[in-house]
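**Q** Keeping their order, the protein sequence lines are chains Y and F.
Going by my numbering, 183 is the number at position 183 of the first sequence; the sequence numbering is gapless.
Going by my numbering, 79 is the number at position 79 of the second sequence; the sequence numbering is gapless.
It is worth saying that the hints were derived from the structure and are not from the lab.
Since we're looking at a predicted model, the values are computed, not measured.
One thing to keep in mind: the hints can contain errors.
[As the list claims (entries may be wrong)] Not close to chain Y: a few residues of chain F, all C-beta gaps over 10 Å, as computed:
#, residue
1, ASP13
2, PRO43
3, THR93
4, VAL200
5, GLY241
6, PRO277
[Stated by the list, open to error] Here are the in silico distance ranges between beta carbons for each label pair:
#, chain 1, residue 1, chain 2, residue 2, range
7, F, THR168, Y, ARG284, 48 to 56 Å
8, Y, SER211, F, ARG37, 32 to 40 Å
9, F, ARG35, Y, ASP174, 51 to 59 Å
10, Y, ARG284, F, ALA12, 19 to 27 Å
11, F, ARG284, Y, ALA105, 53 to 61 Å
12, Y, SER211, F, GLY97, 46 to 54 Å
13, Y, SER211, F, ASP174, 31 to 39 Å
14, F, PRO59, Y, SER269, 52 to 60 Å
15, F, GLY185, Y, ARG35, 34 to 42 Å
Built from N, CA and C at the ideal position, the CB exists for glycine as well.
2 protein chains.
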Amino acid sequence: MVALTLVDGVLADTVPVSDRGLLYGDGVFETLACRQRQVLQLPAHLLRLQDSCRQLGIPVHSQDIEQQIGTLLSCLPPAPEAPEEGVVKIIVTRGDGGRGYAPPASVKPRVVIQFHPMPADYAGFSHSGISCMFCQHPVSANRALAGLKHLNRLDQVMASRELAAAQTRAANADPLLQEGLMFDGQGNLVEGTRSNVFVVIDNRLCTPDLSEAGVSGIMRAALLDWFAGQGVTVRVRTIAGTELPLASEVFICNSVMGIWPVNRIYDLSTDTCLTLPDQAMARRAQHGLLKL
Amino acid sequence: MVALTLVDGVLADTVPVSDRGLLYGDGVFETLACRQRQVLQLPAHLLRLQDSCRQLGIPVHSQDIEQQIGTLLSCLPPAPEAPEEGVVKIIVTRGDGGRGYAPPASVKPRVVIQFHPMPADYAGFSHSGISCMFCQHPVSANRALAGLKHLNRLDQVMASRELAAAQTRAANADPLLQEGLMFDGQGNLVEGTRSNVFVVIDNRLCTPDLSEAGVSGIMRAALLDWFAGQGVTVRVRTIAGTELPLASEVFICNSVMGIWPVNRIYDLSTDTCLTLPDQAMARRAQHGLLKL
Chain Y
1 MVALTLVDGV LADTVPVSDR GLLYGDGVFE TLACRQRQVL QLPAHLLRLQ
51 DSCRQLGIPV HSQDIEQQIG TLLSCLPPAP EAPEEGVVKI IVTRGDGGRG
101 YAPPASVKPR VVIQFHPMPA DYAGFSHSGI SCMFCQHPVS ANRALAGLKH
151 LNRLDQVMAS RELAAAQTRA ANADPLLQEG LMFDGQGNLV EGTRSNVFVV
201 IDNRLCTPDL SEAGVSGIMR AALLDWFAGQ GVTVRVRTIA GTELPLASEV
251 FICNSVMGIW PVNRIYDLST DTCLTLPDQA MARRAQHGLL KL
Chain F
1 MVALTLVDGV LADTVPVSDR GLLYGDGVFE TLACRQRQVL QLPAHLLRLQ
51 DSCRQLGIPV HSQDIEQQIG TLLSCLPPAP EAPEEGVVKI IVTRGDGGRG
101 YAPPASVKPR VVIQFHPMPA DYAGFSHSGI SCMFCQHPVS ANRALAGLKH
151 LNRLDQVMAS RELAAAQTRA ANADPLLQEG LMFDGQGNLV EGTRSNVFVV
201 IDNRLCTPDL SEAGVSGIMR AALLDWFAGQ GVTVRVRTIA GTELPLASEV
251 FICNSVMGIW PVNRIYDLST DTCLTLPDQA MARRAQHGLL KL
């Protein structure tokens, strides 16, 4: 099954070349897990979408988006022709036109909503854990865009190319190598290419501060809330890359993968590998928050 | 006349929703001036395009692009139905698909080429000079992307919105307010929203170092070459925003506008204005390099 797509509420597979998403990455997106044809964490995603659009000055109504998600799901053929488990991606761009970078005086945002099948291997990685690698491509720093899941994602593309190259290199043929860790220009840990990262150092759970760079994920926020409710303090702080050898546990998360323990982290530049001995926090959150 | 567009060599006005330019800003672009149906500085633009694509790993052949520009110009109706003077925009994306950020194993780049009429007021600004303002939105810092004219342009969009807001505010109804100056997170001058910037301080011509942020413009490179040939040293260095009150001259440039002297710079946050008393370097380059 190929992806099913709605553009502005209508089944379609193109957008105008004048769309500002294409021209400038002028928009935002959300990626939601879908189980038994129900999207998960919808209110949190719609809230972030609305908030991101407000910060960028894109006038969008989350009720419209919610309605279009319903339309999309109702267009899916019954299982097994379309799978019950999938990924719903929502893209909102500022719409068409304007003279150069400046948007037109009156903006009509464009909404693209897609259903993709859930990658078959995701559930397995929750159990087995994965391997990560250090990516060389740095995350762009900008306090005014940090946290937003906007469409300027060249950093993630470039880091994902590093990951894909390592995955196909015979010497590193670890089938669990599934994510790359990204750092800012000063060498501080920011995030995975498509995930947020939690680290246990000195028995303290911490996650990178994202006020200068990175995407502030819905699952990251859910984990911060959930751990707080469990009486576990999560320190949101600058984590230097040089601290990672001190870590006893690392796990990554996003709305679609859930929580994946990290077993080892490759540093291809020095041909070394960190082994993480512990998975206690990840397993606790999987069973408590995700009810795996 | 609306824009005339070729997509992969064929007259078209849409791209697939799976285009990675839309999904991630995964591509680059060039903007060329066109006079009497001839594009200017074509070899330099094609060289930069090819070089940027190489850095991003997008396999593109500049001969194909050159051929498509020829096709586009041959599709233009005769003047006055289509103007003789225009702007040719070339967008190259990595093409369609892939699973998430990772590109597909085999990439087929997409090429979008457009002809737009030349903005009517551009020639006038070369003579009158313009006013600028300080933009609050910072330029993203990333040494691995700095210099490239890639499609991740949210920074320029956000700064252009500040400029547009100031242009429509009655209290600042200066018709020459045409550009916003952008700074990095440390307050160093980087560029204009759509231009590079040159500054004369203490009788020394200088322009911002772009190794961490900014677009390395074709006209900026041409000016650096031309001034060197004139025996004028241009210092490429970090220029703190706090140095601007010491400037005697400021001018901006790009391939379409050419060179615009800056008469004054508004700081809306303090409701103050810097006046630049001199235009000697800008006029010299206009008459020498551009043969105005």
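**Q** Next step is simple, just say for each hint if it's right about the structure.
**A** Structure-based check of each hint:
no.	hint	in the structure
1	ASP13	violated, 6 Å
2	PRO43	holds, 24 Å
3	THR93	violated, 8 Å
4	VAL200	holds, 27 Å
5	GLY241	holds, 16 Å
6	PRO277	holds, 29 Å
7	F:THR168 / Y:ARG284: 48 to 56 Å	holds, 54 Å
8	Y:SER211 / F:ARG37: 32 to 40 Å	violated, 50 Å
9	F:ARG35 / Y:ASP174: 51 to 59 Å	holds, 57 Å
10	Y:ARG284 / F:ALA12: 19 to 27 Å	violated, 53 Å
11	F:ARG284 / Y:ALA105: 53 to 61 Å	violated, 38 Å
12	Y:SER211 / F:GLY97: 46 to 54 Å	violated, 34 Å
13	Y:SER211 / F:ASP174: 31 to 39 Å	holds, 35 Å
14	F:PRO59 / Y:SER269: 52 to 60 Å	violated, 26 Å
15	F:GLY185 / Y:ARG35: 34 to 42 Å	holds, 40 Å
Violated hints, in rising order: 1, 3, 8, 10, 11, 12 and 14; the structure is consistent with all others.
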